[in-house]
Each structure stands twice: as structure tokens, then as C-alpha cells.
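Engineer: These are the residues of each chain, in order.
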Amino acid sequence: MTDIAQPALTKKDFASDQEVRWCPGCGDYAILNALQKHMAESGADPAKTVFVSGIGCSSRFPYYMNTYGFHTIHGRAPAVATGVKVANPDLDVWIVTGDGDSLSIGGNHLAHILRRNLDVNILMFNNEIYGLTKGQYSPTSPVGTKKKSTPMGSVDRPFEPAQFAVGSQATFVARTIDQDMKHMSKILKAAAAHKGTSFIEILQNCVIFNKDFYATTVEKKVRPDRTVDLTAGEPMIYGADRDKGLRFNGFTVERCAAEEADVWHPDTPSHAPTVLIAGMRDDPEMPVPVGILRAVEAPVYETGVNAQVEDAIATKGAGDLKELVYDGEIWTVD
Amino acid sequence: MTPPTAQDTSAGELPLQQLDRVVIRFAGDSGDGMQVTGNQFTRTSALFGNDLATLPDFPAEIRAPVGTRPGVSGFQLQFSSSDIHTPGDQPDVLVAMNPAALMVNVNALKKGGIVIVNTDAFKATDLKKAKCDTNPLEDGTLDGFRVIEVGINSRVSEALADSPLSNKDKQRCKNFYTLGLMYWVYSRPLEPTLEWLEEKFKGKDDLIAANQTALKAGYNAGDIRELFQGQYEVPKATLQSGTYRNVMGNQALAIGLVAGAKLAGLKPVYCSYPITPASSVLEFLAGYKNHGVVTIQSEDEIAAICSAIGASFAGSLGMTGTSGPGMALKGEAMGLAISTELPLVIVDVQRAGPSTGMPTKVEQSDLLSSIFGRNGDAPMPVVAISKPSDAFELTIDACRIAVQYMTPVILLSDNFIANGAEPWSLPDLDSLEPFPVEFTAEKGEDFQSFGRDEKLARPWVKPGTPGMEFRIGGLEKAPSSNISYDPDNHQAMTDIRHQKVRNVADSIPTPEVDGADSGDLLVLGWGSTVGILRQAVDNARAKGQSVSRIHLTHVWPLPHGLDEIFSRFKSVIVPEMNVAQMTYLLRGELPDHDYIPFNKVTGQPFLVAEVEAEIKRVLDERAGA
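Chains A and B, in that order, are what the protein sequence lines are. If you read the first sequence in this note's numbering, its first letter stands for residue 11, the second for the next number, and so on. If you read the second sequence in this note's numbering, its first letter stands for residue 17, the second for the next number, and so on.
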């Protein structure tokens, strides 16, 4: 009989036998933990799951998952994942990347995977720093970041990842926090359910090279007043006492009393609200938005690509090599 | 004996003069449709039964300013009644649609050759655009040539007086008038082109009618002998028996990729970023979707190879194609494919470099970068196509090596092969040897992701297979595929990667020597010089010189047996369109021989005469020494 229940997999079944090598206290441990938990709870099949990464601290991730994994080259995970997913759309593909990997060296590939809307999930660990090369500023570091390569402060303006993503036609954009397991689990679940590219920025603590960024924004003590968790159909309310609100006023977002807050819709035809909300991060007076920042439907790349092959076979018939070789004008010499 | 050519006859009243071979070059503005004209002449000649070889020569700019020298587009073909291997050193006939086309090409024309000029395009403004201070029709430039002046613009206008097309559109039929004229001169049938026009412009009856009328008008202009005093015939060639079609290199390569994947039992996934002269491989493959071909037009060169690697990781046959600058961009990802030992076919249609170089001109200068041009010790097999008619077979072999040895393979072509055309003796498809891939689906007792078979290839496990989950990457790994920084392991893995690629030589044939198996000189070539070298060596031997020839199709690893072959010759001449890269390779690999580099990097193929002269020079020098 085929109805013998397979024992459900646990979190441990998704852990590989490799020793995890991140710095003690690194936010990556929490993310790994959340992912393994998500895999077990969602009933994922390790054989059909592939983690693809680039280069950087975050990109060691695949080695620690007991699934298929491919640790590729710097910035190129989206391009590799595109080949994996087009070759076998049945695989559940996750990309693990960092702020440097995805927004600096791999910015082009990130833009294109988002516009193509490949059905994969991208976990972008954003710690606003280059960790593996020991602490240079990154494309998400604020202006004036003083590090070893910028002793007088960085002069270039940072990317706002969510704005980059929606500018690239992303269909699912979310932000969560490494130390908020409950929130992260919720976002992972929503991302996994989304058909198309899910872009999840995880604010991740680099305790060695960039602890301060984390301490003043989303660390547990300050989190209620410094972040706003956006939920579709709910008013934009935050604060330890849930008394603060946000509302749109023309092309700006402003603070208001909780009862005057606008309701958040991540699925508006225009992605303008996401751009405005994500832009709050530039303003130290405004909360950092987390939650689902954008969620719309669009055709999926690998489905379209493979459908064309099927259509061609349906209309022209399955190709015979002989037709291809003996094509056009043929003549015979005796 | 030199074969008779067009200019050798005094034509006179002879109704039909037989020629063995003719070289024609069509030249005009890049908007004049010279490539179409050349291709039609080629196609008709192929159908007629001539042997032929072509050399398209077009500007990199899509439309350089009209009438200027940089905007000149040319198409040369040689067609013959005997076996030929090259598009010909010097044209017998030059068709020049304007002064720029005349000035760019007239120096290549054979002494005493025929020049057909469109006199309507030699007005003062035309001369100025072509930077001619004086009119080349009058200033002696054409002394020594037989000049046939035709006012093509006005003749086309007359012929199309009744056509509803605009004057501008009527003038676009000029190339078919010219083609018609040349069809008459060389006794070609009109039907193939008349039929082609109907297919090409289906639904646009006015265009079909106008072009057909222009073609016939050109033919009739010859037929009533107002321009020429005689007509020529190049009889059918006695090709080896078989079934033939005319094929361009890039098309044969694309078909070879489909065949290679089929013989491996894999889905072909071709990922590429458009680049001259490789783009048409992507375009051909995109048309073969009903053969299960998946194509991705990637966002850049790096993405293209990375997606191909991803496809191979997932169990398809990943393929990518590019030209020189793209190869440079793909370097890091090639290393990833080498390190993870995934099969991959990387097509490099070489062009003149460095940097952007001359995108539409030929060169063989990616040889050493293909073999060595990556960070770290990163060995990879390299296969080199020689001509359109061997592209199919060698592309299949590149696929075979990739899957049998679990390695990326570079497949070198070049612009001369890619856009050149020749008759292809079609293979018996049933005789193609399949090399089906067997994915490893179960862990035996000693299973390791980087375990080895007798060839040193590792097992290929397809994601999706239960119980076989593993992680790979570009970090050095132990045989288990886990990361390893162990010094002995890195030594061992490096050695294995090298030996594995060396082992490919066990699966490729030793090339045959053309001519005597010992002697004074051996001419060694690789790639698209094959036809020229063959002709040059044939000619040298006909003069009694002790010269043989060998041609490499697998340039890395080198095939077994070369050392022994070379030892039977006093010297080895190595003609290449680069600055002696193969010579450099041979001196390192097989140092005990006398190599004489012979190099040319003008963006144009060698002339047969140049190679003959070098052979003579070396023999004379050796005799004198």
C-alpha cells in the first residue's frame, strides 16, 4: 500500500553534517535556524530543494542545509538559479545573498531576475557591511560610513533595497529581522507561497564589523518605536503602545496618530507606495518598515520559456534530427 | 596548370566558354543588399552542383554613412567544377555598386579581371562621400581591367516603370538587377531566386513582382548581349558522392549542439548574450524549440555562462556562446565549472582583438586564452572547428567530451567559418554514436560526489534525486564535496583536474598526415585556415616540393602521436592568424622539433599564394643552409 505515512521531517533533518562557521553572535545563525524550521514545517522535500548562493558570509548558507546546494561565484547566484529553474521548474530554488553580493557586484543579475519573475525566493542578508573581507562599507551603508577603506567616511549614497527591487518590477518584496523569529517565519511562509521572485531583505546583525547600525534601529529594545510592521489591509500603526501611525500625504509619508493611519496595500497597480514607504529609512525620525512591502502577480519566466518549447512541439511536432540536418535545398551526387 | 578564368578569354563570338572556377566579389553600400546577392548566387550555384566557398566581409557598423568606405559590404565566393577549399585569393570579377565599393576592393582584383560598375553612382557627390578626388572611372585607376559600365539605377527605374513602388523602394531592387546580370554571365538558372523571392516577400506582391522584374531585366540585359560579348559556364563539380546541402558555420554548429544533446540524452539549454559574430547561433537555436531546445537571452556574458552552469547542475546540457570579449567576461565562471566539474559547452566564435578589436573580421587569437586564460590552474579541453562542413561533427564531439569527462569544453570557431558557407556532405545520422548520460541515483558503498571513474570523471547526480543531496561550489573540496583547505587535498585535486583533461587525448584520433608521411616540411594548421593550407600544400607538391600537411581539430589536449609525426619532418611551419600562439604551445608541449611560425593578423584570411611563398622561402633557406 502506498498510504503508509512517511515520518514528517524535523528541523534537524534539514541540517547538514557540516560545522557552521560564522562568528559567534552572528545574525546568520538565527536565519539558518528559521529556514530549517520553515523547511520542516512547510513539509519541504530536501531532494527537490536547492539553495544557490554567491560569495560572502551569507553565501556559506547552502553548505549548512541538508538539501541540494550550489555555492557559486560573487554576485552570480541569480544567473545560476535561472539556469537551474529553467532546466527543472519542479525544483524549489532559494537564493541566499548579501548586500554586497546582490547590490554591488551582482546588481545587474538581481535586477534581471526580478524583472523576469523567476519562481524563486531570494534571501538578502543586509548588514550594511562587507563582512568576509573584514569590514569595508557596502552599497547599503549610509553616507559617511567610516571603515578601513573609507577613513574619512563614504561619499556615495546607498541603495534602498526595496526601492531597487520594485524599480526592477519585483512582484514580492518583504523585509524582516534576523532576531524576530516569529516575524521571519511569517515572511518566509508568505514568500514561499508567492508565485514568482520573492525578494526578502533580512536585516542582519554583523556583531564584528557593524554592530551600531543594528543597535539603533531594530534591536529588540528599540524595535517597537523604530520599526513599523506592514500588513496588507491593516492600518500602518507602530510604537510600544501602538499609538503611532503613518499616512500618505501626496508624495510623502508622514507620522500621525494611530487612528489617523492609512491602511497598507502592497498590491496597488503602481509600486509608488512601496517606493515612498521604503524611502522612510533615509529619515531618522521615521520608523524602518518591515513586513510585506509589495505583493502582486505576474507571469513566471521559466513557465513561459518552457511553454514555448511545448507550444513549438505541439504545432510543429517533436523535432527529428533528420529534419534539421536534411533541411532546405538538398542535392545528391552519385 | 592554372585553371582558365574569366579574363583569359577574349569572349568574341564564342557563345559559351567553359571555365573551371570563378571568383566573384559583390561590393556595395551596407544598405545595397550585397550579402543577399552573394547568398543568392551561392545558393543557386550550390543547387546547380558547383563546389563553392564563400567569404562575407561586412562592416561592424550596421549602417555607416551611405556611400562611404567604412560602409562597404562585400561578399566573395568561389564556385567551381572541381574540388576547391577556399573563397579564392583574388576575385576574377568585382561588382562595385558605388565608388567607395570600387576603391575598397579594386586592389584585390586579379590583374586583367572584370569590373562591373554602377555608373549612376559616380556623380560628384558620390565621389566626395567615397573621398575620391578624381573619378576612378576616368583617372586610370581601372587601367588593366576590363570595365563594364552599367547605369544600374536608371536601368532599374526603366524596368520598374510600371511598378507601384516608390522610387526609393524601386532602387532597393538594384541588387537583384545586378544578380540577374551575373546569372546571365555565368549561365545560372533564375528559378531558385524567383522562388526564394516569393517565399521571402510572401503577401507583399508588389515587392515580389518588382524584385523578380529587376532580376529578369538584369538577366535580359546580358542576354541581348548589349553588355557582354560572351557567356561563361562553370560546369557541375564532381563532388564526392553523397547528399549535400549548403551550410553556414554557425548554423551547422547550432545543429550540432542539438544533436550533441540528443546523443547525450539531455535537454539542451543554450544561454547567450548577443555578440558579433556568435549571435546567429542563439538565433538558429531559438528556432529549434520543437527539438526541445531551451534558449535564454541573458542580461550579460557572465549571466549567460552562469545560467548554462546552473542548467548543467540541474541535469541538462548547459551551453553558451560568445566571441572574444565575452570569453574574457566568462573567465571566472569557467573556473567554477572546472572546479565543480560540470559539463558545459562554451562556443567562442573568434574575432580580431584585443578588446572590441574588429568584430566582423577573422582572427585565431583566442587559442592560448582558451587553454590557459583563467585564474588558478584551470585546465579545460579545447576543440577547434575548421570549416562549416565539419562544425556539426566537432560540435557533437565537444558535447561528448563534456559529458564523458564531466568538464566544460571550449569550442572554437571564427568569423570566417561562422558566416562562410560551403556544401556539406550530410552525415548518415544512424551512424552517429550515442553517448547517453547515466545519472547516479544511488549511493553505493564508496559513493563520493567527487569520486572517480577510470577516466577520472566524477559522478553526475541530478538535483531532485532523493537521498543524494550534496553541496558543491567554487571552494576547494574534498572528494566528499565538503570544503577542504587541506594542503594535500588541494595538490591531489589539482593533479586530478589536470590529468582528467589530459585523458581526453585517449578519446580523440591522431590526425592524419596529408601527403608523404616524412619529408622536408610539415605544414601544421588548426581552425579555419584548413582550406587555404590544403590548397597551398597541394600547389607546392604539384611543383615537386617535399611538403605535407596536418590539421588539428582538438587543440587541447593535443592528440597523441604528434611527437612521432613531427620527428619525420625537418621543420614544421605553423601558419596562424595570430602572433604564433600554436607555435608557442607546441614549443612547450613537444619541444624537440623545429617550428617556424607564419603569422597574419590583418582581419583577412591568408591567401593561398602567401602560404605557397612561405613554403618556398623556407625550403630555399633550408636548401641554401
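What the hints contain is simulated information worked out from the structure, not anything from laboratory work. Only a predicted model underlies this, so the values are computations on that prediction, with no experimental measurement involved. Careful: at least some of the hints might be erroneous.
[Stated by the list, open to error] Here are the computed distance ranges between Cβ atoms for each label pair:
no.: 1; chain 1: B; residue 1: G560; chain 2: A; residue 2: D344; range: 54 to 60 Å
no.: 2; chain 1: B; residue 1: G483; chain 2: A; residue 2: D293; range: 33 to 39 Å
no.: 3; chain 1: A; residue 1: E320; chain 2: B; residue 2: F455; range: 19 to 25 Å
no.: 4; chain 1: A; residue 1: M191; chain 2: B; residue 2: F455; range: 53 to 59 Å
no.: 5; chain 1: A; residue 1: A317; chain 2: B; residue 2: D522; range: 49 to 55 Å
no.: 6; chain 1: B; residue 1: N151; chain 2: A; residue 2: L331; range: 54 to 60 Å
no.: 7; chain 1: B; residue 1: D502; chain 2: A; residue 2: H275; range: 30 to 36 Å
no.: 8; chain 1: A; residue 1: A317; chain 2: B; residue 2: D502; range: 56 to 62 Å
no.: 9; chain 1: A; residue 1: P234; chain 2: B; residue 2: N391; range: 56 to 62 Å
no.: 10; chain 1: B; residue 1: D393; chain 2: A; residue 2: T241; range: 38 to 44 Å
[Claimed, not checked] Restricting the straight-line Cα-Cα distance to at most 25 Å, the calculated cross-link-like pairs of lysine to any residue (SDA-like) are:
no.: 11; chain 1: A; residue 1: K144; chain 2: B; residue 2: F463
no.: 12; chain 1: A; residue 1: K58; chain 2: B; residue 2: F455
no.: 13; chain 1: A; residue 1: K22; chain 2: B; residue 2: R603
no.: 14; chain 1: B; residue 1: K147; chain 2: B; residue 2: A124
no.: 15; chain 1: A; residue 1: K22; chain 2: B; residue 2: R188
no.: 16; chain 1: A; residue 1: K230; chain 2: A; residue 2: C33
no.: 17; chain 1: B; residue 1: K478; chain 2: A; residue 2: V319
no.: 18; chain 1: B; residue 1: K252; chain 2: A; residue 2: K192
no.: 19; chain 1: A; residue 1: K192; chain 2: A; residue 2: T325
no.: 20; chain 1: B; residue 1: K218; chain 2: B; residue 2: K252
no.: 21; chain 1: A; residue 1: K332; chain 2: B; residue 2: A302
no.: 22; chain 1: B; residue 1: K218; chain 2: A; residue 2: C33
no.: 23; chain 1: B; residue 1: K459; chain 2: A; residue 2: D27
no.: 24; chain 1: A; residue 1: K221; chain 2: A; residue 2: V30
[Unchecked claim] If we take Cβ atoms under 7 Å as the criterion, some of the chain A residues that face chain B in the derived model are:
no.: 25; residue: L101
no.: 26; residue: L142
no.: 27; residue: K144
no.: 28; residue: Q146
Quick reminder that beta carbons are idealized off the backbone N, C-alpha and C, glycines included.
Engineer: If a hint holds in the structure, say so; if it does not, say that too.
Structural biologist: Structure-based check of each hint:
1. B:G560 x A:D344: 54 to 60 Å: violated (35 Å)
2. B:G483 x A:D293: 33 to 39 Å: violated (52 Å)
3. A:E320 x B:F455: 19 to 25 Å: Because 23 Å falls inside the window, the suggested range holds.
4. A:M191 x B:F455: 53 to 59 Å: Violated, at about 38 Å.
5. A:A317 x B:D522: 49 to 55 Å: Roughly 43 Å apart at Cβ, these two residues miss the hinted range, so it is violated.
6. B:N151 x A:L331: 54 to 60 Å: The hinted range 54 to 60 Å holds for N151 (chain B) and L331 (chain A), with Cβ atoms some 56 Å apart.
7. B:D502 x A:H275: 30 to 36 Å: violated (55 Å)
8. A:A317 x B:D502: 56 to 62 Å: The hint (56 to 62 Å, Cβ to Cβ) is violated, given that A317 (chain A) and D502 (chain B) are roughly 47 Å apart.
9. A:P234 x B:N391: 56 to 62 Å: violated (49 Å)
10. B:D393 x A:T241: 38 to 44 Å: Since D393 (chain B) and T241 (chain A) have Cβ atoms about 54 Å apart, the given range 38 to 44 Å is violated.
11. A:K144 x B:F463: Judged against 25 Å, a Cα distance of about 37 Å means the pair is violated.
12. A:K58 x B:F455: Measuring from Cα to Cα gives roughly 16 Å; hence the hint holds.
13. A:K22 x B:R603: Distance ~57 Å between K22 (chain A) and R603 (chain B) Cα, so the pair is violated.
14. B:K147 x B:A124: holds (19 Å)
15. A:K22 x B:R188: violated (72 Å)
16. A:K230 x A:C33: Holds, at about 20 Å.
17. B:K478 x A:V319: Roughly 22 Å separates the two Cα atoms, so the pair holds.
18. B:K252 x A:K192: Answer violated: K252 (chain B) to K192 (chain A) is near 81 Å, above 25 Å.
19. A:K192 x A:T325: violated (50 Å)
20. B:K218 x B:K252: violated (31 Å)
21. A:K332 x B:A302: Satisfied, since the Cα-Cα distance of roughly 18 Å is no more than 25 Å.
22. B:K218 x A:C33: Between K218 (chain B) and C33 (chain A) the Cα gap is close to 68 Å, so the pair fails against 25 Å, i.e. violated.
23. B:K459 x A:D27: holds (17 Å)
24. A:K221 x A:V30: holds (21 Å)
25. L101: holds (6 Å)
26. L142: violated (12 Å)
27. K144: violated (18 Å)
28. Q146: Interface hint status for Q146 (chain A): violated (20 Å vs cutoff 7 Å).
In summary, the structure is inconsistent with hints 1, 2, 4, 5, 7, 8, 9, 10, 11, 13, 15, 18, 19, 20, 22, 26, 27 and 28 from the numbered list given earlier, while agreeing with the others.
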